[in-house]
Structure formats: structure tokens, C-alpha cells
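Participant: So the chains spell out like this:
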Amino acid sequence: MTDTVSRLQSIIADMLAQRGDRAPIMPDESLFVSGRLDSLAATEMIIVLESEFGIDVSSPDFDVAALDTLADMERLVTATRH
Amino acid sequence: MTDAVFSPQKSISILDRLLAWRRAWLEIDRNREAIRYVQTLQGQIVLHAAVFTLIGLCVTRWTVCVLASVALTLIAISPRHRLHVLLLGTIGFLAIAPLRNESFKTVPGTIMDRFGLQGMSAEVINIATAFAFVIVSLVLLALQARFRGTAPARRPLISLMVIFWSLIGIAVSGLLPPWPQVVLWSFIAIFSSCFWSLVYASADLKAGDPTPNHLRIGLFRPMWGAPLMPIGKGTGYLSKFEAKDDDALASLRLRALKLFVWALMLFWFEKAVRYTVYDVAGLPTLAEAITAQSTGGAPAMAAGWGVVLTHYFLKVIVLCNTGHLVVAIIRMAGYGIPRNSTKPLAARSIAEFWNRYFFYFKELLVDFFFYPAFLRWFKSNKALRLAFATFFAAGVGNFLHHFMRRIDFLAYDGFMGALWNYSHYAIYCTVLSAGLIISQLRNRRPQPEDGFLRYEVLPRVNVALFFCLVAILDDTPVPVTYAERLSFFLSLFGVKV
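Protein chains in written order, with this note's numbering: chain V, 4 to 85; chain G, 18 to 514.
Heads up, a few of these hints could be off.
[Stated by the list, open to error] Pairs of lysine to aspartate or glutamate, EDC-like flavour, derived with a Cα cap of 16 Å:
id, chain 1, residue 1, chain 2, residue 2
1, G, 223, V, 66
2, G, 332, G, 226
3, G, 257, V, 75
4, G, 399, V, 55
5, G, 396, V, 55
6, G, 399, V, 53
7, G, 257, G, 226
8, G, 396, V, 59
9, G, 275, G, 44
10, G, 257, V, 32
11, G, 396, V, 47
12, G, 122, G, 140
13, G, 332, G, 263
14, G, 257, V, 31
15, G, 122, G, 425
16, G, 257, V, 71
17, G, 223, V, 64
18, G, 360, G, 473
19, G, 396, V, 31
20, G, 399, V, 47
21, G, 332, G, 492
[What the hints assert, rightly or not] Cβ pair distances, simulated, as ranges:
id, chain 1, residue 1, chain 2, residue 2, range
22, G, 397, V, 8, 22 to 30 Å
23, V, 6, G, 113, 57 to 65 Å
24, V, 13, G, 159, 41 to 49 Å
Quick caveat, the hints were computed from the structure, so don't treat them as lab data.
Being a predicted model, the structure only gives us computed values, none of them experimental.
The beta carbon of each residue, even a glycine, is placed where N, CA and C say it ideally should be.
So here's chain V without its partners, still in its complex pose (with noise of 0.2 Å):
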């Protein structure tokens, strides 16, 4: 497991439990379409991947349901970083 999937799982999880949500998280699973998180830990994550991972999410190209899936993620950082 890559240093960025480790440190993105670890605040999922977090936020999860903050919820009460103490389940494991597959990297293909929905975690905001699905409802098992919602739009305000949406906000948390863009804020970690701006401060941590130096994305820029204003385009408006962007769309929000790129950062659905702890994959998700991991692409947008890793497609950033290169």
C-alpha cells in the first residue's frame, strides 16, 4: 500500500468513526454517493487534499464525484503529482 492510500484511508476512517461508522473501506466503494459520507465530510477531504497533496479543485471542469472512491483518490493525487 502506496504512502498516499495509507494517509487518505487513515482520514476516511477517521471521519467514518467520527460518524459511528466503523466498517472497513474497499478502495472501489462509494463513500459519498452512497451516503456513508456526507457533503460536509466531502468538504474535509477537499481541504486535506488542497493542504496535504497541493490539488487545485477550481476548475470548473471539476466535478466533485471524481473524489468518490478512495481510488478516486489516489488518481487525482497521483495524475496531480505527475
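Position chain G relative to chain V; hints supplied.
Facilitator: Just chain G now, kept in the frame of chain V:
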């Protein structure tokens, strides 16, 4: 069914037996035998007959009963063509009832009366403009796909808002001759009632959803007879929840059946509460209690609280019942989308209540107002960023969404008159935004270790009180003045004006 239900245990009490039945019912969508049974021809017929009966028992509009039953039958015969069936449903709905509710329906006819126009019925004009709107929508979606790199294609909500308000500007200017004015108002009424479905279709297209454009039209007036809110969003969202195989579809339909039964129970419970409180106990409705302030028949303080609490409770029950019914029909069609309402009275914060109470309205505001603001503005200040995005969604977006539906105000009173008639809702949205901002910026959430009262009771009472009081500024079925609203609000605290 589980073994516990059928095992011959003589000592089992009636209560145990009932609880076992309840458990078996709640777990029916995971029961292998039940899942297998509803995949047989007999099982499908029994399931669909049960569902059609349930729809008939809790839907008051015959168009929805007929269209939903026919569409679900066609989908059961050919599940892979569910989007085509939805398209047929929309065409049927637009032909039978092109305009959704009374505020839309009255406009074209009233404009005709204003000019003394005769020779063609408003209904025929509405049907013609409904299909013209479908064609215009297809052209707009085709243009968006063709010019996807341009600013209007990349910002579909702004583009559609510009088109909508330009049409309103032309209509209220009065520059058009009488007949074109009637046709334009009719077109605007259709546009307004399908606006957010078109926005979702555009957003899906922008996001790369591969559904053909003509099939997106199937969600403009879907056969489940949704209110103006696009429950289920667009085809891109629905596709994420589409049942992947026959087992998943069978299980999903059993989940739908459970939701239909729950919707029916809430439907009749609401009728019973309404009858008991309003007809038997004689409590006035919220609108009656507010208007009574100026006629001298205002309720006493305790009765006033009874009025706002009953209004809040019934509003929650009605939304749960209608949302469950729509989601259940969508699930029967093969899309396992989340519920519109999930235990709203259990919410411990105002923000959580919104998420639990009206999920798809919150999603609409979050998708098209909150995120665009949050991703771009005030990025250096976390609190201001969150507060502004919340205000932009719950304040600006919420007001726009409701104001754009009041075509009748715009047609009869002009733009400024309509704005004044609806200014109370701007205040409602501002107060709601303030509540949501405070709720989201509070760092501490209630914890179980805070004790029963501080964890289970007080946060929920606070949420209920907030929504009870803010409802005084909400829409009412009859016009209400600011003085009457303020007077009623103060009377709840023993202050007589």
C-alpha cells in the same frame, strides 16, 4: 422466511411470534428463498400485484397510479430497456398532464383571459409547448456535446439560468402580441417545472455519462410522478445504483416492497393525526393560526406551540411518505438509490436534519451551489469558505429554486411584485442558512458520554425548535403579512402585540 417463524415452538409467546415476523419481514430482501421466489413468473406477478395495490392505496393522482403500474410492468418484462420505458413514461405524462401543479396550470389560461383570447384551449397549447420544450432540450444538449470546450457548455447551470431569466424578461416586458405571450408563458411554465432535470442532464453530459441524450428526457417527467425535485437526480446518478444481476434486482424489489409498506403506513398515520388534531381537537393549521392574529382569533400560547409542533411533525411525515413512495417506485424500476428521508427526527444538528429530511433537495443545492462556491471562493479562510458556500446553497440556491417555481407571481405581478410577494421566503432562507452555518461551524458534536439528556434528547429538541420556529417564515397556502407572522411568533413567548 426464517426458521424461527415456522418452527413449531409451543411455548413461544404471541409477542415473540410477532417480533419474529417483524424480523423476518425486515430481512426479507436478504432471504434466499424470497429472492428466488420473486424471480419466478408467479413471484413476479404476486410482487407486482402487491406493489400496484400499495401504489393505489397511497397515491391520490390516477395518472401516477396508471403510468407507474404500466411502466413497472414493461420494465419487469424487459429490465434492460428501463430507460426507454422511462422515456415513454415522460412522453405519456407530458401528453396527459403537461404542467405539474396549480401555480403552473393557471398561468396560460389566465393570460388568455386577460387578453380575451378564444379559439384554442390552454391545455392544447400546454401540450404543444411541452413537446416543443423536449425538442429545445435535445437541441441544447446536442449543442453542449458539440461545443463542449466552450464556456456555456462547461457551465450548464449558468447557461440555463441565463436562458430562463431572459425568457422571463421577454415575457414580463409585455412587448409580445397576445398569442405569442400566452405561448411563451406556457413554455416558461414547462421550462420551470423541468428546469432541474435539464440541469442534471447537462451536468451528466459534461461529466461524460454515456447515456444517449434522448434517454435523458425520460427523467424530465418520470412515471413515478415526482414533485419538482428530481429525486434520483439524472441518468448518471441512477446508473451508479442500477441492479447488476437478477439476484440483485430481486433483492432490490423486495427492499422496494418494504418501503412501499412503510410509505403506506405513514400515509394513513398522517391522515389519522391530521383528523385527530385538526378535525376532532379543533387545533388550527399554522396558516390559520398566523392569519388569526389580525382577526382576533389567535390561539393561546400553549395552543400556539401545539400548532407549530403539529405543523413540523406533519411536514416531516408527509415528506417521508411521498419520498419513500417515489424512491420505492425507482427501486422497483431497478435503481437502488438511497432514501429521500432517513429518520429525520433522529438528527442531532440542523445540518444533519437537512441531510436526513430532504436528501435530494440538499444534494441539488450541494451539487450546484455549495461545491461550486466552496471549490473557488474564500479558500484561505476555512470558516468563511464553509459559511459562504453554505449561504450560497441554503440561502441563494434555496431561494432561487423556489422563486423560479412561482411563475404565477411573475406572470400576474411582474418581476418586482413577485419578488415582494416572495420576500418572506428570502428571510426564511437567510435564517435557515444562519442556522446551518452555526451548526456546521460548531466544533463539538454531542457524544454518548455526555449522558442521555445531553446526547439523546436536548440536541433533537433544539433541532425541532429551530425548524418549528423558522416554519413561521415559510410558504403558506394563503397570503400572510409580515405583521401577522411577527405577531404569531411573539405570541409563542407570551408577548401580545
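Participant: Determine for every hint whether it applies to the structure shown.
Facilitator: Hint check results:
1. Taking the CA atoms of residue 223 of chain G and residue 66 of chain V, the gap is about 9 Å. The hint holds against a cut of 16 Å.
2. Between residue 332 of chain G and residue 226 of chain G the CA atoms are separated by roughly 35 Å; this puts the pair beyond 16 Å, and the hint is violated.
3. Of the supplied pair hints, the one linking residue 257 of chain G and residue 75 of chain V holds, its CA atoms being roughly 15 Å apart against a limit of 16 Å.
4. Distance hint between residue 399 of chain G and residue 55 of chain V is fulfilled; the C-alpha atoms sit about 15 Å from each other, no more than 16 Å.
5. Distance restraint check for residue 396 of chain G and residue 55 of chain V: the Cα-Cα separation of roughly 14 Å lies within the 16 Å cut-off, and the hinted pair is therefore satisfied.
6. A hinted pair counts as satisfied when its Cα atoms are at most 16 Å apart, and residue 399 of chain G with residue 53 of chain V qualifies at roughly 12 Å.
7. At roughly 11 Å between alpha-carbon atoms, residue 257 of chain G and residue 226 of chain G fall within 16 Å of each other, so this suggested pair holds.
8. For the proposed pair residue 396 of chain G and residue 59 of chain V, the alpha carbon gap of about 11 Å is at most 16 Å, so the pair holds.
9. Between residue 275 of chain G and residue 44 of chain G the alpha-carbon distance is near 10 Å, which keeps this suggested pair within the 16 Å criterion.
10. About 11 Å separates the Cα atoms of residue 257 of chain G and residue 32 of chain V, which keeps this hinted pair within 16 Å; it holds.
11. A hinted pair counts as satisfied when its Cα atoms are at most 16 Å apart, and residue 396 of chain G with residue 47 of chain V qualifies at roughly 13 Å.
12. A threshold of 16 Å between alpha carbons decides the hint, and for residue 122 of chain G with residue 140 of chain G the separation of about 9 Å falls inside it, so the pair holds.
13. This hinted pair does not check out: residue 332 of chain G and residue 263 of chain G have alpha carbons roughly 37 Å apart, beyond 16 Å.
14. For a cut-off of 16 Å, the pair hint linking residue 257 of chain G to residue 31 of chain V stands: about 12 Å separates their Cα positions.
15. Between residue 122 of chain G and residue 425 of chain G the CA atoms are separated by roughly 9 Å; this keeps the pair inside 16 Å, and the hint holds.
16. Of the supplied pair hints, the one linking residue 257 of chain G and residue 71 of chain V holds, its CA atoms being roughly 11 Å apart against a limit of 16 Å.
17. For the given pair, residue 223 of chain G sits about 8 Å from residue 64 of chain V by alpha-carbon distance, which is consistent with the 16 Å threshold.
18. This hinted pair checks out: residue 360 of chain G and residue 473 of chain G have alpha carbons roughly 14 Å apart, not beyond 16 Å.
19. Straight-line distance between C-alpha atoms of residue 396 of chain G and residue 31 of chain V comes to about 29 Å, which puts the hinted pair past the 16 Å bound.
20. Under the criterion of a C-alpha separation no larger than 16 Å, the hint pairing residue 399 of chain G with residue 47 of chain V is consistent with the structure, at around 10 Å.
21. Note on residue 332 of chain G and residue 492 of chain G: the hinted pairing holds, with a Cα-Cα distance of about 12 Å set against a maximum of 16 Å.
22. Separated by about 29 Å at the C-beta atoms, residue 397 of chain G and residue 8 of chain V satisfy the suggested range of 22 to 30 Å.
23. With their beta carbons about 59 Å apart, residue 6 of chain V and residue 113 of chain G fall inside the hinted range of 57 to 65 Å.
24. Between residue 13 of chain V and residue 159 of chain G the Cβ separation comes to about 46 Å, which falls inside the hinted range of 41 to 49 Å.
Comparing the model with each numbered hint stated earlier shows that hints 2, 13 and 19 do not hold.
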